[in-house]
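Novice: The lines below spell out each chain.
Number of protein chains: 2
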Amino acid sequence: MKPQFDLSLYLVLDPDLCGGAQGMIDTARAAAANGATMVQLRAPNWKKRQWLETATVLKAVLAPLGVPLIINDQIDVALAMQADGVHIGQADLPPDAARRLLGAGRIIGLSASNAAQLADAPLGLIDYLGVGPVHPTGTKADASPVIGLDLFGDLMAAKPLPVVAIGGIKAGNAAPVIAAGADGVAVVSAICGQPDIPTATRALRREIDGARA
Amino acid sequence: MKPQFDLSLYLVLDPDLCGGAQGMIDTARAAAANGATMVQLRAPNWKKRQWLETATVLKAVLAPLGVPLIINDQIDVALAMQADGVHIGQADLPPDAARRLLGAGRIIGLSASNAAQLADAPLGLIDYLGVGPVHPTGTKADASPVIGLDLFGDLMAAKPLPVVAIGGIKAGNAAPVIAAGADGVAVVSAICGQPDIPTATRALRREIDGARA
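Line order of the protein sequences matches chains A and B. Counting in the working numbering, the first sequence runs without a single skipped number right up to 251 at its last residue. Counting in the working numbering, the second sequence runs without a single skipped number right up to 251 at its last residue.
Do not take every clue at face value.
Identical copies look the same in the list; a pair holds intra-copy or inter-copy alike.
[To be verified] Below are the DSS-like pairs computed for lysine-lysine, each with C-alpha atoms no more than 30 Å apart in a straight line: (1) Lys197 with Lys178; (2) Lys178 with Lys85; (3) Lys40 with Lys85; (4) Lys197 with Lys85; (5) Lys97 with Lys85.
Hints in this document: simulated from the structure, not taken from any laboratory.
Chain A on its own, in the form it takes in the complex (with noise of 0.2 Å):
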């Protein structure tokens, strides 16, 4: 059975913005606890045993809150510790080969940064789509052109799947994303390194929740 998950308020670790490893793993905790609904380990010079031993952490963290771990590009580590499910980048495995590889009970996420990568989303193989930059961010350093929050609420007008917004989205500009039509945003340096990842995570939910309204 394909895991229940919820978009709204989507953190990825971030190994040199979280502290390493335990700064993960506390921030996950931290912010799990004061309503992330799904974490994702994203670390891509990592090797593999230490995804296996941290994601593995997580999972044992997060499980019992509800929370889904889903792993960055690494199918086989996502395999090995059971996570929830994985989010691939369009030159990462694709969703066919991905779908193949987890069977039907994960969650599989794809990224898509423009109006083509979208309308070419292969529905039946994936469950949400990450959409972004919305703004300009300095967290990933490959990262497409910025989209700008008017062609995001165009390219959510005929959104084919969920959709989580990624991107410089941090409280104060969480909810016109929202208002756009993502169903949920996600986040690195909105809640890694902030001095008060529960505060920050509390007000990030808010703003969110509060928009829906």
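Let chain A serve as the given structure and place chain B on it in line with the hints.
Specialist: Same frame as chain A, now just chain B:
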């Protein structure tokens, strides 16, 4: 059924030294037709879509020649294109996870760089060991300390599994490695980037076969 394999002359493809994906494919074809017995794809900086596309072509080129294709580290790629096996290092997914994901029917090789790692090799889970670097090498940035031929011979006296030697091996120094007890030699730059791949491969293979005679 696990494919038969012969470690005698094990080509490790490197995108920089081989001239990119097409260069790797051309090199693998020429080497496999002239005495290379196994081919490994190793491209630590590639995204997985590139891995999948190149590995799929390599498999189609090598299978008719009876030469197994081994995927370095990326078990998800190996599963997606049904490679003959994988090669993992000490910081990659551990052998038990690799075997669980791959099943009994695929080859698994493990890198070992010292006596402790050889002694720890999980015999029931893996099929061969890659031991090195025997000599200094410029090909692998994160290589372990050089073993040297004398210590390599000592290690071979108690080898628990078939061993392919790696690290700075080329025509002229392959025979002593075989004489010291290796079942084969792995090479990168001794084939990749050589002006005449068939001749370079045949010379190496002749030296290896001669060292056993």
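Novice: So, for every hint listed, does it hold in this structure?
Specialist: Each hint tested on the structure:
Taking the closest pair of Cα atoms, lysine 197 and lysine 178 come within 30 Å of each other only inside a single copy of the chain (24 Å); across copies the shortest separation is 45 Å, beyond that limit. Taking identical chains as interchangeable, the C-alpha atoms of lysine 178 and lysine 85 lie at most 30 Å apart whether they share a chain (19 Å) or sit on different chains (15 Å). Proximity of lysine 40 and lysine 85 under a CA criterion of 30 Å is satisfied in both settings, with 28 Å inside one chain copy and 27 Å between copies. For a Cα distance limit of 30 Å, the shortest separation of lysine 197 from lysine 85 across copies, 27 Å, qualifies, whereas the shortest one inside one copy, 35 Å, does not.
Taking CA atoms no more than 30 Å apart as the test, lysine 97 paired with lysine 85 passes in both settings, with 18 Å inside one copy and 25 Å between copies.
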